[in-house]
Amino acid sequence: MCRTLIVENSVTFRKTFSEALGKRFPKMVIEEAEDGVEAMRKVRSFQPQLIFMDIRLPGENGLRLTGKIKTRMPKVVVIILTDYDLEEYRTAAFLKGADDFIAKGALNLSNIETIVQRISAGL
186 MCRTLIVENS VTFRKTFSEA LGKRFPKMVI EEAEDGVEAM RKVRSFQPQL IFMDIRLPGE
246 NGLRLTGKIK TRMPKVVVII LTDYDLEEYR TAAFLKGADD FIAKGALNLS NIETIVQRIS
306 AGL
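Position 27 (the sequence shown) corresponds to 212 in the numbering used here; numbering is contiguous.
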């Protein structure tokens, strides 16, 4: 099944989202990171196929981090998941190589399921 990394500094959101994904996709292997340093370490060791990336992180922001990850691992699917649903962030995310941009307020696990199924079909 899909190896997934959640990069999010809010412990509450990260844990809640991780639990929701785990219930919806019991075979999904989920790792978490709270900042850019931990995220890059886990990208190298865990080799995720799907990354949910917040924009505002301690240290390096999620947009720059997305660019670094996509340069090293162009096939990994990176979804920006943020509270900041602003056009300039959306544009910057896609310029950095993000595959999707979802506002946390519009988060819908049915949409996530479609993405996960697409990734799993390609394995």
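It should be emphasised that the hints constitute simulated quantities derived from the structure, not laboratory data.
Wrong hints could be hidden among the right ones.
With a straight-line Cα cutoff of 30 angstroms, these simulated DSS-like cross-link-like pairs (lysine-lysine) come out [unchecked claim]:
| hint | residue 1 | residue 2 |
| --- | --- | --- |
| 1 | Lys227 | Lys289 |
| 2 | Lys253 | Lys212 |
| 3 | Lys255 | Lys208 |
| 4 | Lys212 | Lys260 |
| 5 | Lys212 | Lys227 |
| 6 | Lys212 | Lys289 |
| 7 | Lys227 | Lys253 |
| 8 | Lys260 | Lys208 |
| 9 | Lys208 | Lys227 |
| 10 | Lys255 | Lys200 |
| 11 | Lys281 | Lys260 |
| 12 | Lys255 | Lys227 |
| 13 | Lys289 | Lys253 |
| 14 | Lys200 | Lys253 |
| 15 | Lys281 | Lys200 |
| 16 | Lys260 | Lys227 |
| 17 | Lys200 | Lys227 |
| 18 | Lys212 | Lys200 |
| 19 | Lys289 | Lys208 |
| 20 | Lys253 | Lys281 |
| 21 | Lys289 | Lys260 |
| 22 | Lys260 | Lys200 |
| 23 | Lys212 | Lys255 |
| 24 | Lys227 | Lys281 |
| 25 | Lys255 | Lys281 |
| 26 | Lys289 | Lys200 |
| 27 | Lys255 | Lys289 |
Between beta-carbon pairs, the in silico distance windows are [stated by the list, open to error]:
| hint | residue 1 | residue 2 | range |
| --- | --- | --- | --- |
| 28 | Asn293 | Thr197 | 16 to 26 angstroms |
| 29 | Met186 | Glu272 | 10 to 20 angstroms |
| 30 | Pro259 | Ser305 | 24 to 34 angstroms |
| 31 | Asp268 | Arg209 | 15 to 25 angstroms |
| 32 | Glu273 | Lys208 | 31 to 41 angstroms |
| 33 | Ala291 | Val196 | 15 to 25 angstroms |
Note that this is a predicted model, so its numbers are computed, not measured.
Just so you know, even glycine gets a beta-carbon here, dropped at the ideal spot from N, CA and C.
Checked hints:
no., hint, verdict
1, Lys227 with Lys289, "23 angstroms, holds"
2, Lys253 with Lys212, "28 angstroms, holds"
3, Lys255 with Lys208, "28 angstroms, holds"
4, Lys212 with Lys260, "21 angstroms, holds"
5, Lys212 with Lys227, "19 angstroms, holds"
6, Lys212 with Lys289, "24 angstroms, holds"
7, Lys227 with Lys253, "13 angstroms, holds"
8, Lys260 with Lys208, "26 angstroms, holds"
9, Lys208 with Lys227, "22 angstroms, holds"
10, Lys255 with Lys200, "25 angstroms, holds"
11, Lys281 with Lys260, "14 angstroms, holds"
12, Lys255 with Lys227, "14 angstroms, holds"
13, Lys289 with Lys253, "23 angstroms, holds"
14, Lys200 with Lys253, "25 angstroms, holds"
15, Lys281 with Lys200, "26 angstroms, holds"
16, Lys260 with Lys227, "16 angstroms, holds"
17, Lys200 with Lys227, "17 angstroms, holds"
18, Lys212 with Lys200, "17 angstroms, holds"
19, Lys289 with Lys208, "19 angstroms, holds"
20, Lys253 with Lys281, "8 angstroms, holds"
21, Lys289 with Lys260, "24 angstroms, holds"
22, Lys260 with Lys200, "26 angstroms, holds"
23, Lys212 with Lys255, "25 angstroms, holds"
24, Lys227 with Lys281, "20 angstroms, holds"
25, Lys255 with Lys281, "8 angstroms, holds"
26, Lys289 with Lys200, "14 angstroms, holds"
27, Lys255 with Lys289, "22 angstroms, holds"
28, Asn293 with Thr197: 16 to 26 angstroms, "19 angstroms, holds"
29, Met186 with Glu272: 10 to 20 angstroms, "34 angstroms, violated"
30, Pro259 with Ser305: 24 to 34 angstroms, "19 angstroms, violated"
31, Asp268 with Arg209: 15 to 25 angstroms, "22 angstroms, holds"
32, Glu273 with Lys208: 31 to 41 angstroms, "34 angstroms, holds"
33, Ala291 with Val196: 15 to 25 angstroms, "22 angstroms, holds"
The structure shown violates the earlier hints numbered 29, 30.
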